Amino acid sequence: MNKKIPLWRRPGTIGANILVLAVSLLAIFPLVIVLVTAFTPQNETIAYPPELIPSTFTLDNFAGVFERIPVWDQLANTVMMSVGVTFFSLILNSMVAYALAFIDFKGRGLLFGLLIATMMIPFQSLLIPLYKMLSEFGWIGTMTGLIVPRAADVAGIFLLRQFFIMIPKELRSAAMIDGASEWKIYWRVMMPNATAGLLTLGIFNFVGNWNDMLWPMVMTNSAEDRTLTAGLALLNGTAQGVIPYGVTMAGSLISVAPLVIMFAIVQKRFIEGVATAGLKG
Amino acid sequence: MTTNPVVESAALESAGKVPRKRRRQRTYNFQRHANRTGWLFAAPGLAILLAFVFYPAGYAFWISLTDSSGLNEPTFIGFDNYVEAFTDPDSLNAIWNTVIYAVAYTPIVIAVALFLAIFLNRKDLLFRGGQRTVIFMPFIISMAVAALSWSFIINPNTGLMPYWFSKIGINLPDLLNDTTWAMPTVIFVAVWKNFGYFMVIFIAGLQGIPSDQYEAASLDGANAWQQFTNVTLPGLRPTMTYVIIVAVNTAFQTFDQIYIMTNGGPLRSTETIVYRVYVEGFSNFNQGYASALSFVLMAITLTIGLIQLSISRKQERDLV
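Chains as they are written, first to last, in the numbering used here: chain W, 1 to 281; chain R, 282 to 601.
Since the hints were derived computationally from the structure, they do not count as laboratory data. Note that this is a predicted model, so its numbers are computed, not measured. There is no bait here: all hints are sound.
One-sided and incomplete, this derived list gives chain W residues near chain R with beta-carbon spacing under 7 Å:
#1 VAL20
#2 ILE33
#3 VAL34
#4 MET213
#5 ILE271
Computed footprint of chain R on chain W, listed as stretches where at least three residues anywhere in the stretch have a Cβ under 8 Å from a Cβ of chain R:
#6 40-51
#7 93-100
#8 106-113
#9 125-131
#10 141-152
#11 252-266
Derived DEER-like restraints, expressed as beta-carbon distance ranges:
#12 R/TYR495 - W/THR142: 52 to 62 Å
#13 W/TRP72 - R/ASP459: 36 to 46 Å
#14 W/MET176 - R/ALA392: 44 to 54 Å
Note that CB positions come from ideal geometry on N, CA and C, so glycine has one too.
When you get a sec, could you build the whole thing from the sequences and use the hints?
What follows is the structure, given as structure tokens:
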């Protein structure tokens, strides 16, 4: 439609482009700062006037991170917790969702009501009793303690249920006539048909747990047991009132880099997933 | 819904294929089987929710009625903690701050996201996909990193932003150490962190609006603003409900950025409910009191949740 009119004669287009470009720059700016500052010598991070590009690049900050926090332990914890919660929640949530979507069982309404009530309870209200429970179980600072309480969640159940009810019911009837067991229908027929939903929930859970700070901060006692995001809180500790920005940014970079790389790879599906999940809210 | 066993077997019976007695037996088994498998499928997930959400919720209520410190043998003190929560100026301040935060954050983030979504939906935008990705990026990184980075950028002594502003003649205050500016700054960072997420949801919503509605409107002589209010906004109503629910809920659960950026300061001007629950429960060891505070949070979210539910029900009725 607009193809034949040159760009400079379309003020609306130019205005829109400038505006959106400005927002994009604002969105990316703090991330650029993290990247650059991570390689900036400590004395330059606190120099005045501040410069965007440092005079020299250094790896000292990364050495500083490894000195202050057990990076490898925390990275392993982050991966284990994110993968663990994602894995279990995909299985457990999809089973509940399957029952809700396909099986006409007595008490389904009751289960629905129970789940909606659960959704209203803010997670923070449970922190103290959960801490007490996990201490009694001896789960504080263990992977079990970090993962098991999160192995199912109502939002995930409802999200997957939405994907399940879009699958034609005839598929289930056909499988039943073929004599497939309920488990087989769930695992072999419905799960492969709900890949988009599983992927969306999986990415949400993975990113959410990777980035979570409060839960691992409260449920662990030692630095070795923390995840990287919660470990960052340790880096930020002001020694003599001066925040070691170079080291903090290097730590930040280590904690976000894997996610950002993953996002770059699955970017299209992630954004689509967010969009569809949102629409069905 | 799929195969109604009663209807099916009744049909078989009327066709004279199944003897009456056997039919009853079969129907019974079928339903019983469904009841059993239904609960069996739900059981593992439900067990987790009962053990780690329902039970602790009850437990939290019990703790809130005691003087538990997390270390002592708790004594029952009735509703004293609740009375304190509503009379202690620090807690009232935290509740007030959280409400201010939610009331400011929600409309701002929605307006910015909607505005951006409309622009990024234009076909004449250069690098559309790339810019969507970039604007979505802050949502991927943790609030901890976002908060650290912004704290660095706006640091009055060494930050780039105050320096650049001073070059054009504007002297920025020490944003995070100024009781007037700390809260707006924290809200700004939250908006920056999340507008990309809501933008993507709005774009999906916009693409669900049929383009002939716009054509009809422009034939009727509607200008851009009239098209926005008469076509876009009504078309986005279900999206809007979802976005408001998510935005309000996350606003009430703000913790990470407060912990990293301000520690509730200066002079408690950015202390939120969750931050206070954390401090009282895990630093000051007033776990009974912290639990009472978290129940106040629950009461607030519950009230908002019920209001939202009734609004969205009403909207559904309007749409039908």
